[in-house]
Amino acid sequence: MQTEEKANSSERRMNGSHKENRGSVRLLFLFLLSLFCRTASEQIQYSIPEEMEKGSIVGNLAKDLGLSPGETAKRNLHVLSLEKKQYFSTQNGKLYVSDRIDREGICGETVICLMNFEVMVENPMNIFHVTVTIEDINDNTPGFLNGDFKLEPSESTLPGARFVLGYAEDPDVGMNSLQNYMLMPNQYFKLETRLRQDGNKYAELILNEQLDREKESSFHIIIMAVDGGKPAKTGSAKIWVSVIDANDNPPFFTEEVYMTSLKENVPKGSSVVQVKATDRDEGSNAQISYSFSNIAESALKMFFLDPQNGTIRVMETLDFEEKDQYTMTVEAKDGGGLVAHCNVEITILDENDNAPEIILVSSSSPIREDSPSGTLVALINVKDRDSGENGDVVCHLLSNLPFQIVSTSNNYHKVLTDGALDRENTPEYNITITATDKGSPTLSTLKTISVKISDINDNPPAFEKPSYTAYVPENNPSGASIFRVKASDQDLDRNAQITYSILKSNIEDLPISSYVSINSESGIVYAQRSFDYEQFREFQLQVKAQDGGSPALSRNVTVKVLIVDQNDNSPQILYPSKGAEGSALFEMIPRSADADYLVTKVVAVDADSGHNAWLSYHLLQATEPGLFTIGHHTGEIRTSRAFLERDALKQRVVILVKDNGHPSLSATVTLNLVFAENFQEALPEMKNQSDIPDYQSDLQFYLVLALALISFLFLLTVILAILMKLRRSGNPKFLQCFAPVPHSNNGIIFPPNYEEGTLPYSYQLCLSSESRIQQYAFPTSSVQTAEDISFQNQSEALLTANGENILNSEADRSDVQAQPVNTDWRFSQAQRPGTSGSQNGDENGTWGRNSQVEIRNAFKP
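Converting from the sequence shown to my numbering requires adding 204 to each position, the first position being numbered 1.
Among the hints, a few may not be true.
Stated by the list, open to error - Computed cross-link-like contacts, DSS-like style, restricted to lysine-lysine with a CA-CA straight-line distance of at most 25 Å: (1) 587 - 651; (2) 505 - 472; (3) 764 - 288; (4) 669 - 651; (5) 642 - 527; (6) 651 - 288; (7) 467 - 442; (8) 354 - 442; (9) 764 - 748; (10) 472 - 442.
No lab work stands behind these hints: they were computed from the structure.
Produce the complete structure using the sequences and hints provided.
Here it is in structure tokens:
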């Protein structure tokens, strides 16, 4: 037995030595790997002890990165926050500790504790990798997992027997971790420290002297665990020893170490491994029960050991990412209290059970719609907790968007623009990033990033119509709104703020600002004056719509303004024209005139247009209402019956001319119609006009008489002067007017009633001169114009009461009627004054045959 225990002890020492060598090789490999990584990626490395106070300086990061103090603030040097808990921060280019650093909580049993993170500077953007080595301090006391120990050795146990006590845990590493065990001096046991394959040291008690239950059945000794810190820390436990009766053969395992592997996704209750121990004793001393004697608490929750058959089963779901290996000690105890131990090492195999994780590091939103291709939109970091191909991740974007994703170092990816952006078409993009690992089956993760597009002024204003037409009634009030133009802009905010202005117009006489103005904000066009359809009917102006962008964009539109006519002009009577101060005019009618005889024609015009210029003629008043009729549309005054002896020789007729507007406007003219065969017969009736008991009529008569006398004296003086001159020259051509020279160009044919001693008025004109006769000669055409008739009426008005012919000096000039402004007015054949509108020509003319025909014959050349 002693030889076997010594062999087992020697084998354990060798295994412990191998573990220590393997641990040293591992530390050396990690150290060389860190040096190689630093050289390859040019990482910034710092080393600090754990448990430093918050705010402690780690190092001058800006200096180590080669950044000047001014450049540090400008480029915003900061630590990228990818983890939930941030242990470091930057300020003024220096790296500070921002949270408590517990090496044991961060790195656990790892000897070299490295904390890797990234820092970023902007403008331009660069990412630097920083590695901080956390040095262990002796802040943990070694402690035994199970507290006190209980040993029940048999009294027959021979010296040299070994009793495994398990190991104490010290979270510290290196020299600060557990270094040795110490046993309180006693006569029975000595202590030996062993090294397990996982690098942990455990204690074994070696029996120095055989026990004697009868002398001492139970006692306790104290074991201490000592670390290598300065000062060293210790932890102790009591070993209670109860000596039992002899059991000569302890159990032994078929294998000292059981090694197996297990997938992390095995279902609960699955068998892991079965340990087997045998005992050469018989009876109760050969009945073996199994139990965990040295197992971490985390492993105790994950596995179950059947005490009867030694089968280890899975109790909870395994996770490779949390722990990839479990090591435990199984104890086999027989009925006599003898025990044997073996180690079980379980390796967990990785499965692709973790989908990639996408972390948004930074985002640039919004971005301008004129951003060039390659503009950085977002920076993401992708992680996968799996290992191998299960942790290799590939990223791509879903759907056909103008963006692309580019991979950088250390699982960083950039989302860049990859085409033209148009905010008016798409103001916001939802970029979906897909991260897929290479496991089997593959797992993927989606993350959507919302990116808004900011507006630039790339759209000019647009009018609703290519051109506008505004209808404005004339006589509009000044300042009234007459029209509104409306433009829209697809841009936003200031780029869509539109102002309106008037550029130019086709009005040349005055600036457009004296006609119209425009509200720069609403686009409402206001009239600056009252428009008159008779002055101008339409004009055009060009309106400019300009947005508030920089540079500003604009667009023009033409607005055609049409003035709508209103009935604001009364009819204007062209013929017969009123005499001096509105006195009534005289028309002579032969007493022999039959029914439907054309007496005269009233000619009127209206400056308005359309329906407002349609004129109608009405007989308003008449001395004999049934004697005359007037054409409703032609204005022709005709006799409705023949003249009777009981009828008055002088008839007074008032004609009303009104238009078709709403409301209708009108004008009146008064005619004095005299039934007579010649002027001498008409003179008394014309003289009776002065007998009207109207004061104004008498005053008018006296003024006309005075003007006629003055004109007569002036003409008489002129005639006498001409006679004297002709007499001196011996060529009195003025007598040729009455010379009976037939068929002569200068001859005059006397009228049939010449024998009665009365000459028509037209023959009196010959008394002036030959040139004056030629000046006032009527054309041979049967059509008389309104100007000729007006001239005749003025001449008739100058006749005196005693029958003498006095020619007014103003009769030398024709009273020419101005043409109407309304160009739409056209005279019809029936509306012309004089005989041109009659149906029967010379026979039913406006004047009597003894006046019209004789005058025309007298003035023929």
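Going down the list of hints, with the structure as the test:
1. Proximity of residue 587 to residue 651 is assessed by CA-CA distance (about 13 Å); at most 25 Å being required, the pair is judged to hold.
2. Restraint check for residue 505 and residue 472: satisfied, since their Cα atoms lie roughly 12 Å apart, inside the 25 Å limit.
3. Restraint check for residue 764 and residue 288: the C-alpha separation of about 70 Å exceeds 25 Å, so the hint is violated.
4. Annotation: proposed proximity of residue 669 to residue 651 is violated, straight-line Cα distance about 46 Å (limit 25 Å).
5. Proximity of residue 642 to residue 527 is assessed by CA-CA distance (about 22 Å); at most 25 Å being required, the pair is judged to hold.
6. A threshold of 25 Å between alpha carbons decides the hint, and for residue 651 with residue 288 the separation of about 19 Å falls inside it, so the pair holds.
7. Restraint check: the Cα-Cα separation between residue 467 and residue 442 comes to about 39 Å, which exceeds 25 Å; the hinted pair is violated.
8. Between residue 354 and residue 442 the CA atoms are separated by roughly 8 Å; this keeps the pair inside 25 Å, and the hint holds.
9. Restraint check: the Cα-Cα separation between residue 764 and residue 748 comes to about 14 Å, which is no more than 25 Å; the hinted pair holds.
10. Proposed proximity of residue 472 and residue 442 is contradicted: the alpha carbons are some 37 Å apart, above 25 Å.
Comparing the model with each numbered hint stated earlier shows that hints 3, 4, 7, 10 do not hold.
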